[in-house]
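A.B. asks: Here is how the chains run, residue by residue.
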Amino acid sequence: MNPLKIIVLAKQVPDTRNLGSDAMKPDGTVNRAKIPTIFNPDDLSALEMALHIKDRVPGTSVTVLTMGPPKAADIMRDSLYLGADKAIMISDRRFGGADTLATSYTIAQAIKKIKDYDLILGGRQAIDGDTAQVGPQTAEKLHINQVTYAIEISEITDDKIVVKRKLDKGIEIVEALMPCLITVHGSAPECRMPVAKRVMKYKYARSKTEMTKAEDWLQELHKERPYLKIEEWNVEDIEAEKEKIGLAGSPTKVKSIENVVFTANESKVLSDSEADIENMIKELIDHHTIG
Amino acid sequence: MKNVLVYCEAENQKVAEISQELLSAGKKLAEKLGVQLEAMVFSNKLDNIQTQISPYGVDKIYIADDKRLEPYTTLPHAELAIHIIKQQEPQIVLFGATATGRDLAPRIASALGCGLTADTTILDIGDHYVAKEKKEYKNLLYAIRPAFGGSIMANIINWDRFPQMATVREGVMKNEIFDSENKSQIEKIDVSKLLNDSHFVVKILERKIEKSNVNLKDAPIIVAGGYGVGSKENFKQLFDLAEVLGGEVGGSRAAVDAGFIEHERQIGQTGVTVRPKLYIAAGISGAVQHTAGMQNAAMIIAINTDKNAPINQIADYIITGDLNEVIPKMIKTYKKNTK
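For the record, the sequence lines run as chains A and B. For reference, each letter of the first sequence is one residue, going 1 to 291 in the numbering used here. For reference, each letter of the second sequence is one residue, going 292 to 630 in the numbering used here.
Incorrect hints may have been included.
Claimed, not checked - Listed below are several chain B residues computed to face chain A (Cβ distance under 8 Å; list not exhaustive):
| hint | residue |
| --- | --- |
| 1 | Thr389 |
| 2 | Asp410 |
| 3 | Ile500 |
| 4 | Ile609 |
| 5 | Asp613 |
| 6 | Asn628 |
For the record, the hints were derived by calculation from the structure and aren't laboratory data. Remember, it's a predicted structure, so these values are computed and weren't measured experimentally. For every residue, glycine included, the Cβ atom is placed at its ideal position computed from N, Cα and C.
Work out the full structure, taking the sequences as your base and the hints as a guide.
C.D. replies: Below you can see the structure in the form of structure tokens.
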């Protein structure tokens, strides 16, 4: 079959799964500086799905696309180490403060610039927001079909794709026409390990912003090896309308944030002795909690 | 009249429980706003479907009845919902935060260019002053949701683009009949006029929906295990304890991720929200991601080797020790005292 052109949507996220006690400031706001950033786990599964197709269909190309601050270049390099052919980041202060609607508009504009694709894969949701909205919203903006919660691509032909989906209480197998956008569920296979040879090759891959601070030898290296360039697009590059991006393009606003405070409880502290446990069980039976 | 509109999921001629929860919550919002509550339902063989919807105090039901609408696929349902929303201009539209609702709602929000808040757990009506415009906006939807792994609750509002939309988590809103005698006005949607072949390009080849025998939401007693349980084998003790107490077994995300227990038993922000009368947390440290889904339990017992585990802050009984010793002792002393 013909090689495919695949775009993978990725996001760099704060690692909300491993929040330390210093993750929140005393005033109840999130202390982003104290939280490490990672490649969003569902997006890694999406990248694996793309690389798996590339393994099966020779000539297939995988482009990873992200929107984020300059630091997001980290996951662009990770993508190249793992097997992506190209990495593109959309980065511009003016994109900041975007909700899912403005984000999907921005991503769709970048995809329109990439233009040629058969398949878009992305994680089901990002662990910092857990909204799962950007995938379907991007598909709608591109007027293409969506298949959400994929755990496996069972079959691909030149214009059709068969996808196994994970639903709340079961499995569904659907056939969709390409081009389409697929969001990948976290229970899909995990991503492979980085390839040592590729790590060597792309170690010095840098974005435009990163290169502004690069030393001379790195500048020279980039002239010699153009593949080290991580594409970086701003508002003008993707021809985005200013009222549709960032805060201005976001209908939803955060009115207030409350730190989740545990209600102080008067608790009884017990040892693991049989006597202590028996007393507790007796109390629970007396209160008709159990029994 | 800018009403409150609820998207109802229906399969096998049965309205989903989440949709009934939404109707109950939607009724409260409609009453606060002094507007009507409306529902839309798209499925197959819906002749008597209103009997499951009207009792929630629904004033009007939009019904699209066509065999191609069940099981759910994105494009036809989105097209019908967009048509109704454009025509009726509701001020609030609610969806379940289910596989279906979270697939559908963002597609609709994007087409309408309106705001959508995911996975809300509290809905309310309130005002907001926009300093920049020097204007007070009255009677907005407060869509309140856990964010950042559950460590914060964010109140999300939207004052300039309508409708205000939200998906709402299952099991959080109470399922309450408003008036069992209530009658709704019915409007049938002409499906063939609105949909054509281009809406049916995704074909469902196979579908296996398991009748789940796990019912965490209604269990009065839950024995839940975390990563600290250590293995799938060790979880057996939790099942033993749940069995003698007449409860159900749940797990934290870490335990599910580690493969100790199946996904459908996951309790927490990404999982089921529960409020049993007794919650036994074994080997669970108590990350907010987990406690967000169980902190409303009437009584909590925490079993942990770490005496400083965060879960202890909300526990009524704190047992510091190895769960492999504590749980058998609980089973033994329970049996002894209930004979």
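A.B. asks: Tell me, in ascending order, the numbers of any earlier hints that this structure violates.
C.D. replies: Per hint list: zero violations.
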